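Work out the full structure: start from the sequences and follow the hints.
Respectively, the protein sequence lines represent chains A and B. For the first sequence, the working numbering assigns the number 1 to the initial residue and increments by one for each residue that follows. For the second sequence, the working numbering assigns the number 1001 to the initial residue and increments by one for each residue that follows.
The set of hints was computed from the structure by calculation and includes no laboratory data. Everything numeric in this text was worked out from a predicted model, so none of it was measured. Treat the hints with care, since some could be wrong.
[To be verified] With a Cα cut of at most 20 Å, we get these calculated DMTMM-like pairs of lysine to aspartate or glutamate: (1) B/1060 - B/1454; (2) A/75 - B/1391; (3) B/1437 - B/1051; (4) B/1060 - B/1368; (5) A/51 - B/1149; (6) A/7 - A/97.
[Said to hold, decoys possible] Beyond 12 Å from chain A on every Cβ pair, some chain B residues (computed): (7) 1060; (8) 1067; (9) 1082; (10) 1195; (11) 1277; (12) 1419.
[Said to hold, decoys possible] From the derived model, a few chain A residues whose C-beta atoms are all more than 12 Å from chain B: (13) 22; (14) 84; (15) 92; (16) 101.
Glycine included, each C-beta is placed from N, C-alpha and C at the ideal position.
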Amino acid sequence: MSERTFKRFCPLEELPPGAKKARNLDGVPVLVCHTGEGIFAVSNLCSHQEKFLHAGRVRAGRITCPLHGAQFDLKTGAALCLPATRPIATYEVRVVDGWIEVCA
Amino acid sequence: MNQPAKLGRGLDRCPNAPSTQEIIARDKHPAPFWVRSESYQFLGDEDIPTERYYDPEFAKREWERLWPRTWQFACREEHIPEVGDYYVYDIGRFSFIVTRVAEDEIKAFYNACLHRGTKLRASGTEGNTRLFKCPFHGWSWNLDGSLREVVCEWDFPHVRRESFALPEARVARRWGFVFINMDPDAPSFEEYVGEEALAHFDAWGMEQRYIHCHVAKVIPANWKLTMEAFMEAYHVLETHPQVAVSNADANSQYDIYGEHVNRFISCLGVVSPHHAGRFTEQDVLDQFTLGDSSFVADAERKLRPGETARQRMADLLREQFEKATGTSLAGVSDSELLDCFSYTLFPNTFLFAGISLPMVYRFRPLKDDHRKCLYEVFFLRPVPEGRPRPEPAPCQLLEPHQSFTEAQGMDPGFGAILDQDTENLRLEQEGIEASAKRGLTLGNYQEIRIRHFERAVDKYVGR
Ligand code: FES
Ligand SMILES: [Fe+2]
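Right, dumping it as structure tokens:
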């Protein structure tokens, strides 16, 4: 049985709307994006060729891999276009005591 | 209504009805020069041969001679606001990465690796990047298109950097639109549009608009046939009976400008000549359909004695629209608020001026089926004053069985009109292929845009 443990990611004030931030949470590369629709946490690795996503553009609830242009839905992780065909992981997020916490 | 022609050769107009110019001249807020101009010309009355709508040979000639030589709307500037933003525009097998390479410079790169050809970006995508890196062997190009890296360069001594920059199509930017043209010998965009039409479009301020809604659907008809369904108001009576009550359909105005632009003006808020005497001004007001009726949803609609439906509608729209969007309409005429101004910019774009129907249409044949096309509708709303430009709405692709009314952000009344328009098209495509008659017969005046448009097609395919 795996237990749901949330880990502190960063203080909320470091991630205003429109911002995104990547860091390793116990070895897991996590990307958190604060969009107009809320805060989302996904894997920071593109499912296409395992490149980092964090420099990608976020628009309309999706992130675009800056290297080859694959797009992923931030809510579901679904791959939305070539060259990616597989989803990326998504993680639960919550805000506690002014901290963004991620269950990764 | 049905009197025989008296003047002939394109000079006849709908009898016993005011002209478009007469209707507009009565408005409280006077119309600008581009509304008040007239530019009709008789272009012959021969049938239009129909093989152009189904013959694969004709489609092949279009792919070879028309699409690679015309200016096409690729994307809006707001799709690529920041340096490094790109938008992939496809037309048939051709594909371009339209990229903002510097603050005020946009390039359109052919979307193919110069090593073994792989598309550098998938079709239908957009994003932001600092370089274009091929997903196959990793060759890469800088944002400006210069070659950045050849992996294992020692194996390619024959690759000279200077000749391995990404090839480009030409780019023109106007009214917030980015246009491309593959033909290095084509006229400039300005020449292509022509001075008069350019002045019309320049007057609209489309650069101050943003895409509020973007819907696409595959239509089971040739792209030209599909476009032509939107080039006249002649079909309103039969196809859109709900609109005819408050639309001057048979007395709409049709104009042509040079080789690549034509238009109609169709007045709203006045009864159709087909229905003259059968509806009161109050009926006309009650039946009024708009592109975005949410603006006047709960307005008072009872007319005072002597008041016209058209003027009340203009006043209402002015007031509600200013409130809803935070933009000022001082200096905007009643006609611009109410009427439908439909312009074709050859080959495949419609631009609508005006406030109540702020659309842009784009039509593209499907790459592997010239008897179908992708039809896109964009609604452009003014950027609210003193607020940041909203992001452009992403494209919603409807399934063939879906109604336009199902698209988010689509006015239900307008969606229903688009459904009526596109439902005809399957029957028209099939009927043309089934027919014993090999030509379309056109009205001299009301269908001049179709003749004018097909003339330009003929010019490019070379017949
Ligand atoms: S095909 Fe692009 S690097 Fe080989
Ligand atoms: Fe129509």
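Against the structure, the hints come out as follows:
1. B/1060 - B/1454: Holds, because 16 Å separates the two Cα atoms, which is no more than 20 Å.
2. A/75 - B/1391: Cα-Cα ~19 Å, so holds.
3. B/1437 - B/1051: OK: residue 1437 of chain B and residue 1051 of chain B at ~11 Å, within 20 Å.
4. B/1060 - B/1368: Holds. Residue 1060 of chain B to residue 1368 of chain B sits at ~11 Å (cutoff 20 Å).
5. A/51 - B/1149: Holds - the C-alpha atoms of residue 1149 of chain B and residue 51 of chain A are around 18 Å apart, at most 20 Å.
6. A/7 - A/97: With a Cα-Cα distance of about 13 Å, the restraint between residue 7 of chain A and residue 97 of chain A holds, given a limit of 20 Å.
7. 1060: Holds, since 27 Å exceeds 12 Å.
8. 1067: Residue 1067 of chain B clear of chain A: closest Cβ-Cβ about 23 Å, beyond 12 Å.
9. 1082: Violated, because the least Cβ-Cβ distance between residue 1082 of chain B and chain A comes to about 8 Å, which does not exceed 12 Å.
10. 1195: holds (37 Å)
11. 1277: Correct as stated: the minimum Cβ-Cβ distance to chain A is 50 Å, above 12 Å.
12. 1419: Nearest chain A Cβ is 26 Å from residue 1419 of chain B, so the label holds.
13. 22: Given a closest Cβ separation of 16 Å, the condition holds.
14. 84: Label violated. Min Cβ-Cβ 9 Å, cutoff 12 Å.
15. 92: With a cut-off of 12 Å, residue 92 of chain A remains clear of chain B, as the shortest Cβ separation is near 25 Å.
16. 101: Answer for residue 101 of chain A: holds, closest chain B Cβ roughly 28 Å.
Checked against the numbered hints above, the structure breaks hints 9, 14 and satisfies the rest.
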